[in-house]
Amino acid sequence: MSKKKTQEEVVLTPKKVYNFCSKKKLILGVVIAVLVVFIAGAVIRGIHLAIEFKGGTLITYTYQGEINTNDVASAVKDIVGSTVTVRTGESLDSGGKQITISFTSDQGLTVDRQTELTTALREKFAENDLEIYDSNDVNPASGREFLLKCLIAVIFAAFVVIIYIAIRFKNIGGWSAGVCSIFALCLDLLVAFTATVVCKFNIDSNIVAVFLTILGYSINNTIVIYDRIRENRKLMPKASLNELINVSCTQSLTRSIRTSITTIGTMLVVTIVVMVTGYDSLLSFSVPLMMGLISGTFSSLFVAPVTWSWWMNKREAKGKKSK
Amino acid sequence: MTVKKTGKKTFFIVVAFIALFAVISVLGIDKLYGDNRTTYVKGVDDIRLGIDIKGGVDVTFGPAGEFDANEDQLDSATEVIKTRLSSLGITDNEVYSDTKSDRIIVRFPWKVGETNFDPESAVKELGEMAELTFRKGTDTTTDADGNEVPSGEIVLVGDDIASARSAYIPTDDGKDYEYVVSLELNSSGKDKFAEATGELMGSSTPISIWMDNTLISAPTVNSTITDGKAQITGSFDADSSKKLADQINSGALPFKMETKSFRTISPTMGEGSLDAILLAALIAFIGIAVYMVFLYRLPGFVAVIALCGQVAGSIAAITGWFGFMNGSTLTIPGIAGIILAVGMGVDANIITGERIKEELRTGKSLDAAIKIAYKRAFSAILDGNITNVIIAVILMGAFGVPDSFFSKILNKTIFFAFGATAEGVVYSFGFTLLAGVICNFIFGVFASRLMVTSLSKFKCFKNRKLYGGDTK
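The listed protein sequences derive, respectively, from chains A and B. Read in order, the letters of the first sequence correspond to residues 1 to 323 in the working numbering. Read in order, the letters of the second sequence correspond to residues 1001 to 1472 in the working numbering.
Calculated directly from the structure, the hints in this document are not laboratory data. These numbers come from a predicted model, not from an experiment. There may be inaccurate statements among the hints.
Unchecked claim - In silico DSS-like links for lysine-lysine, alpha-carbon gap of 30 Å or less:
{"id": "1", "chain 1": "B", "residue 1": "1100", "chain 2": "A", "residue 2": "149"}
{"id": "2", "chain 1": "B", "residue 1": "1364", "chain 2": "B", "residue 2": "1457"}
{"id": "3", "chain 1": "A", "residue 1": "16", "chain 2": "B", "residue 2": "1100"}
{"id": "4", "chain 1": "B", "residue 1": "1371", "chain 2": "A", "residue 2": "238"}
{"id": "5", "chain 1": "B", "residue 1": "1375", "chain 2": "A", "residue 2": "238"}
{"id": "6", "chain 1": "B", "residue 1": "1457", "chain 2": "A", "residue 2": "97"}
{"id": "7", "chain 1": "A", "residue 1": "200", "chain 2": "A", "residue 2": "77"}
Please put together the full structure from these sequences, using the hints given.
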């Protein structure tokens, strides 16, 4: 199909065009609300880094009979006051069953506390005959470096994505569009992080997976909308930017909602199944991801296009003034 | 553009292809000869599951004997182990170091098909924990325990060697080609090696290479090597030169390590979490299938077939079908990558489904509407997926095995401040995402277009309502 023919194409604007661009205050409100919840969550709940990022102590006990890791975890929680990871295992060299508890360093596990803990656990699980087997202090250096490298990798990826958008969406002013898509992404990541903090999940490598998933999903979502704007720009050369954004967002609305139902629905199913079957440790993956996806739907429809229109209009106004 | 017009048959060919692909990638192809199972194509059973899902081995290493490692040495030993794990395709691992007691704790998942869960044999997979030394001469003495130990003056230790690789280069006279092992030394090793080669050049005393007490090679010195780049020549063939290079690489530990303890560990996510994940995946997939068919009728039905193909494609990638991408360990982040890719596959189908509806509403013929809808939807799908390819490639480069192409580029530029660490968890995510996105183009775009176009040729499927068009 030639370009000429595309332009002759009838433009079928939706019967009702929603005014997305007038929702500046809504966005500002949402951003502030998320920030407030995040700060409140961080202050009240605290941010819990997992042992690989923070360092800490791994204590291993040998035991007899059957032991339930969840019971041990909750018993330790009563004594130390925060959640720990408990794993069971079997040693082949000494031939005993073992249980390993990971404490992060902020849990203040001094030698005295460790003895206290051992005594308390021995009392509570008397029939399991707990014996201390091993205690290792774990160095967080490589975990921290990993976290930092992740951060740089994500920033670098975001930068390359901006360049890509700038090139592919030249006809609608790609640079600013790219920057706005990353701004929307930041909001989604913040929402996911807030969910982690508020739910008191440990920041472990699951959160890295969550962030990366949201990174991909959020940008894809925004690009689909930009693509519509790019296409409509050709079809309606005379329309103002706000009109264009409103029409494009309205046209993409059904698709955005339907896609979101499938993705958010999937995470909802995971969350429910995990809760029913009792594998709570997967919640630290599914819940933040679900919140991030919800935010992603909102931010790609509102935050990215609206901040972008605001930016472009401001630039235009400035341009006029200087003339 | 299309070479051949999509006919009625196309649908059945595509469906048959997807079905065959799905069955093979799930079941794999293997044959039983008595008790021996030969695997030709790996199936779901051959996927190595991460420690978070299936549990694995927990090994504690420490320096052998009374050796007191400093923090740098411990760190470099940690890196060596991490890199080995990644090179072995064990992308899921936890490595902790404890500077106080000089210990390195390594956790990694069980090998596929390991049923007796024997940590001792699992540890062997990690390779030699021996110390590598380059010494003057091949003299040995007998130590207090009666073992024969090398006694030549130490020239280089594992720490001094940056890398070793097998190469196929012209011989000195330029007439022939031969296999050699080429070495690259660190700045620490360069001067020491220059001095030793200067001293031994022309003499009959060789420089011997030892793994602990085992002599693995004893080349003589032909010239003084001052630039830190050396070649070991001799009667190597492709296999023996690679073996020596591997031995030197994996022996590049700063000190000899021994296992202090090893034990099994239960999965982080809890025993049986895989069943929960699979149950959730099944429910979600059925839900999506019903939803797609309900919303988009015929294109929705086609989308479900395409999604089956895509999931099969992800499985195939993890089991290592594609030569250019090694198989990977399946972990929670890896599953996240699959979810994201499948989500984008669903999205691609929704975008097209919506477009077909829209085009039908403008009053176009069915054929034209389908053609234009796929064409217009493609730009959105392309850009969305390419950005994800960018992300996946960056992650794989940043956290993959240091030898891989992207790692080499990225580690020398953006991540110069970091060691070339291989972090399996993130790599695994990038891997499944990249594989999923590629499948997206194959199944979600290409195959589903073929199927919808082909089906629309059938008389019984000409009804516009089946595509979400208006009733009129």
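Now the hints, each set against the structure:
no. : hint            : verdict
1   : B:1100 x A:149  : holds (25 Å)
2   : B:1364 x B:1457 : holds (16 Å)
3   : A:16 x B:1100   : violated (69 Å)
4   : B:1371 x A:238  : holds (28 Å)
5   : B:1375 x A:238  : holds (24 Å)
6   : B:1457 x A:97   : violated (66 Å)
7   : A:200 x A:77    : holds (13 Å)
This entry does not satisfy hints 3, 6, going by the numbered hints stated previously.
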